[in-house]
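Assemble chain A onto chain S, guided by the hints.
Line by line, the protein sequences are chains S and A.
According to our numbering, the first sequence is numbered sequentially starting from 1.
According to our numbering, the second sequence is numbered sequentially starting from 1001.
FYI, nobody ran anything at the bench for these hints, they're computed from the structure.
Quantities reported herein were computed from a predicted structural model and do not represent experimental measurements.
No residue lacks a Cβ here, since even glycine has one placed at the ideal position from N, Cα and C.
A few of these clues could be false.
What the hints assert, rightly or not - Now the stretches of chain A that chain S is said to cover, found in silico as 3 or more residues with beta-carbon under 8 angstroms:
(1) 1237-1249
(2) 1277-1286
(3) 1342-1353
(4) 1374-1381
(5) 1388-1401
(6) 1445-1459
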Amino acid sequence: MYPDQASNFAPQVDALMTFLILVTVFFTVAITAAVVWFMVKYRRQHADEIGVPIHGDLRLEAAWIVVPSIIALAMFAWGAVVYVDYRHTPADTLDIYVVGKQWMWKIQQPNGKREINELHVPIGRDVKLILASEDVIHDFFVPAFRVKMDVVPGRYNTMWFRPTKAGHYKFFCAQYCGTSHANMIGYVTVMEPPEYAAWLSGSQEDSNPIASGEKLFSEKACVTCHVSNGTGRAPSLNGVFGGTVKLADGSTVTADEAYIRESILAPNAKIVAGYQPLMPSFQGQLSEDQILSLTAYIKSLQSQPVPTTGAGVIPTGKK
Amino acid sequence: MATTPPVSPPSGPQLPKTHYLNATYGIRSWLLTTDHKRIGLLYLATVTFFFFVGGIFATMIRIHLLTPEGYLVTPETYNKLFTMHGVAMIFFFLIPSIPAVLGNFLIPLMIGAKDVAFPKLNLLSYYIYVTGGCFVLYSFSTGGLDTGWTFYTPLSSVYSNSAVTPAVIGIFINGFSSIITGMNFVVTIHTMRAPGLTWFRLPLFVWAQYATSIIFILGTPVIAITLLLAGLERMFHLGFFNPAFGGDPILFQHLFWFYSHPAVYIMILPAMGVVSEIIPTFARKPIFGYAFIAGSSIAIAVIGFVVWAHHMFLTGQSTYSALAFSLLSYLVAIPSAVKVFNWTSTLYKGSISYETPMLYALGFIGLFLIGGLTGLFLACLGTDIHIHDTYFVVAHFHYIMVGGAVMGYVGGLHFWWPKITGKLYPEYLARAAAVILFIGFNLTFFPQFVLGYLGMPRRYHNYPPEFQVLNVMSTAGASILALGYLLPMIYLTWSMRYGRVAGANPWPATGLEWKTASPPPTENFDVTPEVDWEPYDYKNRPDLGLVPPALAPAHGDD
Chain S
1 MYPDQASNFA PQVDALMTFL ILVTVFFTVA ITAAVVWFMV KYRRQHADEI
51 GVPIHGDLRL EAAWIVVPSI IALAMFAWGA VVYVDYRHTP ADTLDIYVVG
101 KQWMWKIQQP NGKREINELH VPIGRDVKLI LASEDVIHDF FVPAFRVKMD
151 VVPGRYNTMW FRPTKAGHYK FFCAQYCGTS HANMIGYVTV MEPPEYAAWL
201 SGSQEDSNPI ASGEKLFSEK ACVTCHVSNG TGRAPSLNGV FGGTVKLADG
251 STVTADEAYI RESILAPNAK IVAGYQPLMP SFQGQLSEDQ ILSLTAYIKS
301 LQSQPVPTTG AGVIPTGKK
Chain A
1001 MATTPPVSPP SGPQLPKTHY LNATYGIRSW LLTTDHKRIG LLYLATVTFF
1051 FFVGGIFATM IRIHLLTPEG YLVTPETYNK LFTMHGVAMI FFFLIPSIPA
1101 VLGNFLIPLM IGAKDVAFPK LNLLSYYIYV TGGCFVLYSF STGGLDTGWT
1151 FYTPLSSVYS NSAVTPAVIG IFINGFSSII TGMNFVVTIH TMRAPGLTWF
1201 RLPLFVWAQY ATSIIFILGT PVIAITLLLA GLERMFHLGF FNPAFGGDPI
1251 LFQHLFWFYS HPAVYIMILP AMGVVSEIIP TFARKPIFGY AFIAGSSIAI
1301 AVIGFVVWAH HMFLTGQSTY SALAFSLLSY LVAIPSAVKV FNWTSTLYKG
1351 SISYETPMLY ALGFIGLFLI GGLTGLFLAC LGTDIHIHDT YFVVAHFHYI
1401 MVGGAVMGYV GGLHFWWPKI TGKLYPEYLA RAAAVILFIG FNLTFFPQFV
1451 LGYLGMPRRY HNYPPEFQVL NVMSTAGASI LALGYLLPMI YLTWSMRYGR
1501 VAGANPWPAT GLEWKTASPP PTENFDVTPE VDWEPYDYKN RPDLGLVPPA
1551 LAPAHGDD
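Isolated chain S, as found in the complex (with noise of 0.2 angstroms):
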């Protein structure tokens, strides 16, 4: 029943839930059987009959008062000898900026490299992730990992973990942070050292652009916004590319290339009607190719059928 252990605490924290685990079944059934047992035995008999004045035992009591205190002290000392080994964070660790901010986590790595709702971490190494929040308090939460940290606006809180398992992880946020909290979902990707480095100095190369397009649009949390039923936060796409925009201040402009390039650089230029200035800037995220790639994306949906509500684009009455 146990999720996927991927790091050092895993499996350090999953020992301590089976202690846990035993101790309190332990008390369960014992208390329940006694229940049990006297509830059947003791059933009353006829219906003037009383029971059997007892009123006490202090021997009982001092029992019942010391043992459970020191099995107490024994759960309270190895929770605390695991808490004090992830609050104290090793030396030579590889650091990892990471930003929440409603309703997306910024990631980035130690040469600069930016990820959205993305995380890729190395085998074997101690990795300390650095948290700030740009507005509420959000909670970084990886569960095959078993550790989480709040992310503090005003202050900087850090976590550790030392990867051991090379897979994809769900990471949440974990402290409710408004409307989309329960988007603020992403990925931590744990690779070989090998991997890592080649990762961390390139970009993958993908040979179909629509394709990794989609990709990328997933993966910087563009979808989580652009809701292609009109649902989202911001306008669905759907047809958009080579149809006419309604702007905030009343223009429009006919969606080509150059807008949606200008719409993923530079957001807040253009603004559509009906919706608030929300998007980040994607400037020095996203390579030229990675933009190609999801332009030539944005431009397959242009067949997609348009949302009565929620649409970017201004229903041209043919589709």
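Chain A in isolation, oriented as in the chain S frame:
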């Protein structure tokens, strides 16, 4: 109530001719009453209303979570639903439920007094509660609020676009109701006990209410001030909690939990008091370790004030602070364990029967056991790193607050219903409802422990598809649970008019409240009672009409 008692068998018990329900008539005689029993019933009606409101929100939450992408409502609406569910249930149902309904009705009866010490303040306390409730309902109906019942800043004080201000004002006002009620109970218990009713002859329900009242008086001002500060930051941008204004968001959490953790004991202590009354009654023997159960209530109330930062192990607080609060949290578990051991031992060599209140009390032990023991996982620093803010926490506190506090409240209502109304409810239907509640509750909340360990965070309006099966189980359980709550609402209401007449002491139980008629007269007792018996003593109480054990046939060897 009917003006004439309904027909009952000539040999059976009769309703008294005049009692507190029919002594005076008209809407004014209820709304302006200073009779603690009528005020208790006013509270009963109002907390039931809020339970219903909170229950509707809970129903919508569970339906919404049937599918990973969210089945019913938009994200904004979902966030409002769980916030309003929490606010309605905690501040306007759970906190006033046992203290204000059963406490008001029973404390004067149990100590042989005519009323509480300050009857007019008691009525004022009710109207303060209603006023606070109106502000909160105004917030709910003008768009609702989406901050979570914890009102964490700066989300609540700056970023939320919902109706936070009226809700905060409502909870602020409601706090004074708790403070006045707590003070009233403390003074009543100190000064108005009947002759012979020493502290160690008090029913354990009264001890529990006394401990609860201490928390009311000491804790409630803190939450009132805290929410006031958050409201001022929201309205006037005064910098208390938002770092952009120079405040500290963690300060809010310290202040909030300084009240809201003890508030958990406000909810559970009275329920423990109810269980401590029910178990000796249906085992027909003195409670095991009276002084330890009474003392553990006080210990919980006192230690409960110094554990608050165990809600904050992962806010970045210092490691030493976390160690101290973890240790203290383990300390507060001991008196709770002492109670469970004593209740279990009370059953030993009893004469046990299984009427409805006893089923609730036994159910309480089982659910409180799970709720309490899972608290050890959260107090444990190592495991809390993983399960903090997941569904594990949601499951844990529902086991305490619903499995514990609500089971205690509903069990207490059944236990004292014959005293409150003079009528009996349909026994077998009531037993069925208790079993349905127990099953429905476990099916709803047990899967959430697993969900939490698998990593599902709280307050998610959609979730990864691998969590769906457990969520569907939980929703299925919730529909059984809903049936378990609707049944008592229906048959208890029905019994007020059509139930069999109960008589003064139907169980029979040993407390003073059972020495007067059911329903009691307005002044409670015709003459001031004198107490010359020890609590829960069946052996030396010939007035109960039961046989001492020496004369009863011995138990078999089974």
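Hint check results:
no., hint, in the structure
1, 1237-1249, "holds (count 5)"
2, 1277-1286, "holds (count 4)"
3, 1342-1353, "holds (count 10)"
4, 1374-1381, "holds (count 6)"
5, 1388-1401, "holds (count 3)"
6, 1445-1459, "holds (count 7)"
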